[in-house]
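S.K.: According to mature numbering (1 follows the signal peptide of the UniProt record, and there is no 0), the sequence shown holds residues -27 to -1, 1 to 483 in order.
What the hints contain is simulated information worked out from the structure, not anything from laboratory work.
Even glycine gets a Cβ: it sits at the ideal position worked out from N, Cα and C.
Incorrect hints may have been included.
[As the list claims (entries may be wrong)] Restraint-style ranges between C-beta atoms, simulated for each label pair:
| hint | residue 1 | residue 2 | range |
| --- | --- | --- | --- |
| 1 | K190 | A149 | 30 to 36 Å |
| 2 | S222 | Q17 | 41 to 47 Å |
| 3 | A287 | K350 | 39 to 45 Å |
| 4 | V294 | P401 | 52 to 58 Å |
| 5 | D225 | T297 | 18 to 24 Å |
| 6 | K245 | P187 | 20 to 26 Å |
| 7 | T213 | A287 | 52 to 58 Å |
| 8 | T213 | Q3 | 23 to 29 Å |
| 9 | K196 | E277 | 28 to 34 Å |
| 10 | A149 | K48 | 19 to 25 Å |
| 11 | L303 | L352 | 49 to 55 Å |
| 12 | E277 | K21 | 56 to 62 Å |
| 13 | K350 | K280 | 55 to 61 Å |
| 14 | K48 | T276 | 52 to 58 Å |
[Unchecked claim] With a cut-off of at most 25 Å between alpha-carbon atoms, the simulated PhoX-like pairs for lysine-lysine come out as follows:
| hint | residue 1 | residue 2 |
| --- | --- | --- |
| 15 | K301 | K350 |
| 16 | K310 | K323 |
| 17 | K47 | K79 |
| 18 | K280 | K301 |
| 19 | K124 | K94 |
| 20 | K320 | K272 |
| 21 | K310 | K344 |
| 22 | K310 | K320 |
| 23 | K280 | K256 |
| 24 | K301 | K347 |
| 25 | K350 | K374 |
| 26 | K398 | K387 |
| 27 | K323 | K301 |
| 28 | K124 | K92 |
| 29 | K310 | K290 |
| 30 | K92 | K57 |
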Amino acid sequence: MKKTRIFSTMLATVICMASLPAINVFAANQQRTTTLDLTVAGFQNDQKNEDEGWSWDAATSTLTLDNVDFSTAKKSCVIVDGEKVTNIVFSGDNKMTSGTTVISRKGSAKDTGVVLSGKTKDSVLNLEETGNLPVMDQPNVTFESGTVNAKGGAVITLYSIKVMDATLNIDTSEVADGGWNDGLYANGSVEIYGGDVNINAGRAGILVVGIGAPEPKTGLIIKDGKVDINAKLADIYLGTDNIKNGLISGGDITLGGDIGIFLNDCEKCEIKGGTFHTDECEKPFAVHRDSSAVFEYAKADYTELDKAEEAAKALNKDNYVDFTAVEKALEAIDRTKNLTQQSDVDKMAKDINDAVEALVYKSADYTELDKAEKAAKALNKDDYEDFSEVEKALAAIDRTKNITEQADVDAMVKAINDAVANLVKKAPASSQPDSVSSSDASSDTSSSASDSSASDSSSSDSKATDSKSDSSSKAASNASNTNPSTGVAGGAFALALLSGAAVVMAKKKK
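Let the hints inform the model, and build the full structure from the sequences given.
M.R.: Shown next, in the form of structure tokens:
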């Protein structure tokens, strides 16, 4: 009884627990509402707050964030020592929101700043500034890896901003006019070596001014990665007060604002590589009217176009039903395009290849095959000993061949004609019995004998007379007899012979 009650109680407990809503054992970290100031004395040593999800390694100046949630009203979420390099490593999904600069600094030095790294590619750090001020303000900022989403004001630096292999999404489109509504703002340089940079800006997408940082003179470097910018003033703006040149040698670059790259205080912007998409941009490459700056473009890559052109020109136009589309595509080739117009060159190559792909061959010439087929079909197969080779050749006719396969059609013609030429007619059936042939042979022999005996005329005449006389006598003696086999009277036959003999004798007497 006791065991039964215990079991019943356990069962009821299980049922009750099953009816409760699911509880996430991985609960969110406790929200932090005060500034994490890494410059205060306590951070000379390691620090850790598991409830909030962060830790500090003093020896390496590394702040590790694990799914943190900082919301600090009008105070910065994090303050770093601007005279050192601070590493911020994040994992999971992290959020920092402030009404002022989210990650700010105390002090500065030329080679210091913040390095942001995600532990994995999926690690995210969300920074949101709601007071029209910069999201970050540092001597230098390097986006090493992971994903950083910055909404509100610009990311600004006294010197450089570098993007290595990170995904960087910046949106300053809602910042009021007069606020920090650029995307990436650097006095020294903006350098992109990889990753994925997407900027939607209320003023300039990338602004390199040169104020207080004349060096490096090359203010824009894009070597690799994907860059997509849409800004109201200019997607990329080079030079204010100090010369800032540009060097683009790679990357996949989309310029979506009214003005793409704008050269202000600048000597030149070299475009040596990269792929550009400027369909949505009214002025992809512009220079201030008072500036002597120039764009130096590398020539577009014509390798694929050269291949397409060579292949098309090697074709025999007479082999095709209509070659005009290919000719039109070849005539449209323009070899004055530069690297920023690579898409135009690629389209030329595609147009040629598409036109070639759509070509239709003319049909092969079937004239001789028609003749051979007609002649073969006019024959009566019953007249020949074996008509199967002709039938086989006729069955092999294929009328789908094009002009390049004329040899196949000619082979069909030859096969039919050869089969017909090798036909053997059947022998004709005999019209008389074998006895007739024997009679003919005997007749020939008798004629030869008669010719031979005629050489001695006097002797022949004498012998003939005697012979006929004897024959007449014998015929007369047999006239009264009847042939027992035939029942024909021997007399009638004898009379006929006698009559003939009489005629011969009469002629002799004359």
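S.K.: For every hint, state whether the structure bears it out.
M.R.: These are the hints, each one checked on the structure:
no. : hint                    : in the structure
1   : K190 - A149: 30 to 36 Å : holds (33 Å)
2   : S222 - Q17: 41 to 47 Å  : holds (43 Å)
3   : A287 - K350: 39 to 45 Å : holds (41 Å)
4   : V294 - P401: 52 to 58 Å : holds (53 Å)
5   : D225 - T297: 18 to 24 Å : violated (36 Å)
6   : K245 - P187: 20 to 26 Å : holds (24 Å)
7   : T213 - A287: 52 to 58 Å : holds (55 Å)
8   : T213 - Q3: 23 to 29 Å   : violated (44 Å)
9   : K196 - E277: 28 to 34 Å : violated (23 Å)
10  : A149 - K48: 19 to 25 Å  : holds (21 Å)
11  : L303 - L352: 49 to 55 Å : holds (52 Å)
12  : E277 - K21: 56 to 62 Å  : holds (57 Å)
13  : K350 - K280: 55 to 61 Å : violated (49 Å)
14  : K48 - T276: 52 to 58 Å  : holds (57 Å)
15  : K301 - K350             : violated (47 Å)
16  : K310 - K323             : holds (16 Å)
17  : K47 - K79               : holds (17 Å)
18  : K280 - K301             : holds (17 Å)
19  : K124 - K94              : holds (20 Å)
20  : K320 - K272             : holds (16 Å)
21  : K310 - K344             : violated (56 Å)
22  : K310 - K320             : holds (12 Å)
23  : K280 - K256             : violated (32 Å)
24  : K301 - K347             : violated (43 Å)
25  : K350 - K374             : holds (22 Å)
26  : K398 - K387             : holds (21 Å)
27  : K323 - K301             : holds (13 Å)
28  : K124 - K92              : holds (22 Å)
29  : K310 - K290             : violated (28 Å)
30  : K92 - K57               : holds (22 Å)
The structure fails hints 5, 8, 9, 13, 15, 21, 23, 24, 29 (numbered hints given earlier, in ascending order).
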